[in-house]
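Asks: Sequence:
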Amino acid sequence: EMRCPNHTRQIQDAVSNVEKHFGELCQIFAGYVRKTARLRDKADLLVNEIYAYAATETPNLKVGLKNFADEFSRLQDYRQAEVDRLEAKVVEPLKSYGTIVKLKRDDLKATLTAKNREAKQLTQLEKTRQRNPSDRHIIWCFLVPRWGVSFLQL
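Quick note: the sequence shown uses this note's numbering, first residue 3, plus one each step.
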């Protein structure tokens, strides 16, 4: 019985710890993905500007600028793939894990509430026994609802 409150406390602490750190991780990764996407957008603007500049230059410089813009554009394709993968493989799982943690916290809260209610009922039963040990009717009225219908069907 002494271990139970400590065990419950450990579970509560673990849930709180996961909730705190996974929330932070999710926010930071989401920010990283947004900034990477903005960087890709800026690079796309840069590529478009290089193409526009190339259109106004001599043939030799035009070829060099277009080749550079093409390569730089390919780099942005990799950046887009990074954004997509981070979103799908990191940010979304972290978000769903947050929902799971919230459900676990709710389950833990419901369990603790039921446990506390049962402890109060047992204390009340013990007080009733001490006041009037021969009054089995009161004791049965307390125990039968807890055992349920299956006990009464025996």
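What the hints contain is simulated information worked out from the structure, not anything from laboratory work. Misleading hints may appear alongside valid ones.
Pairwise CB distance ranges (calculated) [said to hold, decoys possible]: (1) Asn19 to Phe74: 37 to 47 angstroms; (2) Pro95 to Asn62: 25 to 35 angstroms; (3) Pro61 to Thr38: 17 to 27 angstroms; (4) Arg87 to Tyr53: 43 to 53 angstroms; (5) Lys44 to Lys117: 33 to 43 angstroms; (6) Asn69 to Gln29: 37 to 47 angstroms; (7) Asn8 to Arg119: 35 to 45 angstroms.
27 angstroms max Cα-Cα, derived DSS-like pairs, lysine-lysine [as the list claims (entries may be wrong)]: (8) Lys129 to Lys97; (9) Lys111 to Lys122; (10) Lys117 to Lys22; (11) Lys22 to Lys44; (12) Lys117 to Lys106; (13) Lys37 to Lys117; (14) Lys129 to Lys22; (15) Lys117 to Lys97; (16) Lys106 to Lys22; (17) Lys44 to Lys104; (18) Lys104 to Lys129; (19) Lys106 to Lys91; (20) Lys106 to Lys122; (21) Lys91 to Lys22; (22) Lys117 to Lys129; (23) Lys104 to Lys91; (24) Lys122 to Lys22; (25) Lys91 to Lys111; (26) Lys37 to Lys97.
Glycine included, C-beta positions come from ideal geometry on N, C-alpha and C.
Asks: When the hints from earlier in the document are held up against this structure, which numbers fail?
Replies: 2, 3, 4, 5, 7, 8, 11, 13, 14, 15, 17, 18, 24, 25
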